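**Q** If you want the building blocks of each chain, they are given just below.
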Amino acid sequence: MTAPQAVEATPFTVNAGVGHWLQSYMMMTRWELTSLRMLLPLIVAIQIVIGGGFALGVGLLSDQMPTRAALYLSTGVTVVTLITVGLVMGPQLVANHKTAGTYDFMWSLPVPRTTQAVAWVTVNSVIALPGMVAALLIANWRYDLPLQVTLSIVPAVLLTIVTATMVGYAFAHAIRKPMITQLITTLVIFVILGFAPINFPPENLPDWLATVNLGLPFYHMAVVMRGGLTEGLVTNVGISYLVLGAYTVASVVVAAWVVGRRD
Amino acid sequence: MDDWTFRAEQVTKVFGELRANDGITLQVRPGEVYGLLGPNGAGKTTLVKQVIGLLKPSSGSLTLGTYDLVEDPDAARQLCSYLPQAQMPIDSFKPHQVISLTGMIRGGDPVTVRQRSEEMIEALDIGEWRDTMGARLSGGIKRLVGFAMVTVWPGRVVILDEPTNDVDPRRRRLLWEQIRRLGDGGASVFLVTHNVLEAEKSVDRLAIINDGRLIAEGTPSSLKSEDRGRMRLQLMMVPGHATPEMPAFVHHHTRVGNNVMAAISEADSAHAIGWAQELMRLDEAEEYALAATTLEDVYIRMTGHVSEDMGGEVQA
Chain Z
1 MTAPQAVEAT
11 PFTVNAGVGH
21 WLQSYMMMTR
31 WELTSLRMLL
41 PLIVAIQIVI
51 GGGFALGVGL
61 LSDQMPTRAA
71 LYLSTGVTVV
81 TLITVGLVMG
91 PQLVANHKTA
101 GTYDFMWSLP
111 VPRTTQAVAW
121 VTVNSVIALP
131 GMVAALLIAN
141 WRYDLPLQVT
151 LSIVPAVLLT
161 IVTATMVGYA
171 FAHAIRKPMI
181 TQLITTLVIF
191 VILGFAPINF
201 PPENLPDWLA
211 TVNLGLPFYH
221 MAVVMRGGLT
231 EGLVTNVGIS
241 YLVLGAYTVA
251 SVVVAAWVVG
261 RRD
Chain D
264 MDDWTFRAEQ
274 VTKVFGELRA
284 NDGITLQVRP
294 GEVYGLLGPN
304 GAGKTTLVKQ
314 VIGLLKPSSG
324 SLTLGTYDLV
334 EDPDAARQLC
344 SYLPQAQMPI
354 DSFKPHQVIS
364 LTGMIRGGDP
374 VTVRQRSEEM
384 IEALDIGEWR
394 DTMGARLSGG
404 IKRLVGFAMV
414 TVWPGRVVIL
424 DEPTNDVDPR
434 RRRLLWEQIR
444 RLGDGGASVF
454 LVTHNVLEAE
464 KSVDRLAIIN
474 DGRLIAEGTP
484 SSLKSEDRGR
494 MRLQLMMVPG
504 HATPEMPAFV
514 HHHTRVGNNV
524 MAAISEADSA
534 HAIGWAQELM
544 RLDEAEEYAL
554 AATTLEDVYI
564 RMTGHVSEDM
574 GGEVQA
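In order, the protein sequence lines correspond to chains Z and D.
Per the working numbering: the first sequence ends with 263, consecutive numbering throughout.
Per the working numbering: the second sequence ends with 579, consecutive numbering throughout.
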């Protein structure tokens, strides 16, 4: 056996700049995707089943689903699939790192922390998008919907997924005990499904709850998604873009603060 | 930059009421393997986590040459490699892949990193598992893969927290050779360990940390100087038998399980043997051994603990 030469200690300088950031981002995305490669097909399949199953399952509530209700439902399901990944699955994967004791190593890697967050958004998108598309296709097939997909679906999906992912990411990193993270994410998803006007119009809620929802991001996520998928179903899309955009910026700022802070 | 000396000045880290590190000052020069010894909870891991930027000191400074590691945690992570005590997230990776990928994340070019990765796999004798998924590796092999990951493209400071945990004795020797080579390449190696005997053979200098404070620092032989001329009499007591009353020539003693270790002067060896034989005749002891003192004896005297592999507390 030949022993290797002594390896010279590096670096001589500290890297910074756009090139270093992009290189780090690509490496971290590769790391995260490879880390999940055994689970990824399963996670994506589960997302497809959740999205498709939800679209079909709610249809069982009545024999004749009115077209407007079916449109609300199927476009709402796309938001639910994106939110579920960002706010539930993402934080649980971070909690797993904490439980397994591997968190310190991931946090000691010589990359800008923001690249780890953006790689996380990328991985969450890879997980969420197939489920979202499947939900839409299945709902369209089941209810024969007058969908009109426009390019504005791209910013709508981006803002929704970045906001949900960054809020979940900040939660998962800020809360020390993984068990608490899991309890909170479970609570969040139940509250969103039950009390946020995603799958139904806000008029169905008591006035005060509808007003509360105007200040939260979930209703606006649903509005911008509907704006990109339908014609005439929603109005005042511009205001929803503004509110959601503000939430996106705030969630990124908070996530950056959380990951940059040291005890 | 020519000066890559690592300096910790008066580093204090407080968690609520607990002073996990209390005014720690030390220096590590490039090429040095520097041991941090101390019982569990002494503050060793807290100290190295501040070096890599996972924790922030309550006060004090940590610098590497002209770089301020506290003010610039991005620089700290690029300049320092860190093998944590906990396991590594490699379940979904094959060893050769994850060693190369970490090397590239550390800034190495792909071709050189792949070549070094293969060299390290060979040097640590883990070629048998080169293509085995991490989830199917034993704890010791995972540890060696983790070591290769953080040292395939080493930083200026390499922090190894209990690197030999779970590693079999033969590969432990190979691991120590690689740790020495890191020093030969110019890295400052921080070795956190509770294994005093291994540290004695492998480090250039060491610090003993207890209750958050640095209580001794020096080369292994300088730390042993106070015990020069002393011997260790080890008595294996009959199970359950009380510790016998110590004769006047015993400086101090420790009991771990049924073993009593007594420090004596070399000149008292004959008396000590006579006493041990008397205890055997009285059926109080089963056997005895007389040996030169090691760093372990210094460690016991200073910390009031025996090293973890033996487990126990000093009784007198």
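Any given hint could be a false lead.
To be verified - Facing chain D, according to a computed beta carbon distance under 7 Å, are these residues of chain Z, among others:
no.	residue
1	14
2	35
3	38
4	41
5	102
6	104
7	109
8	110
9	262
10	263
I should point out that these hints are in silico values taken from the structure, not numbers from a laboratory.
Given the structure is predicted, the values throughout are model-derived calculations rather than measurements.
A virtual CB, placed ideally from N, CA and C, is assigned to each residue, including glycine.
**Q** Checking against the hints above, which ones are violated?
**A** Structure breaks hint 4 only.
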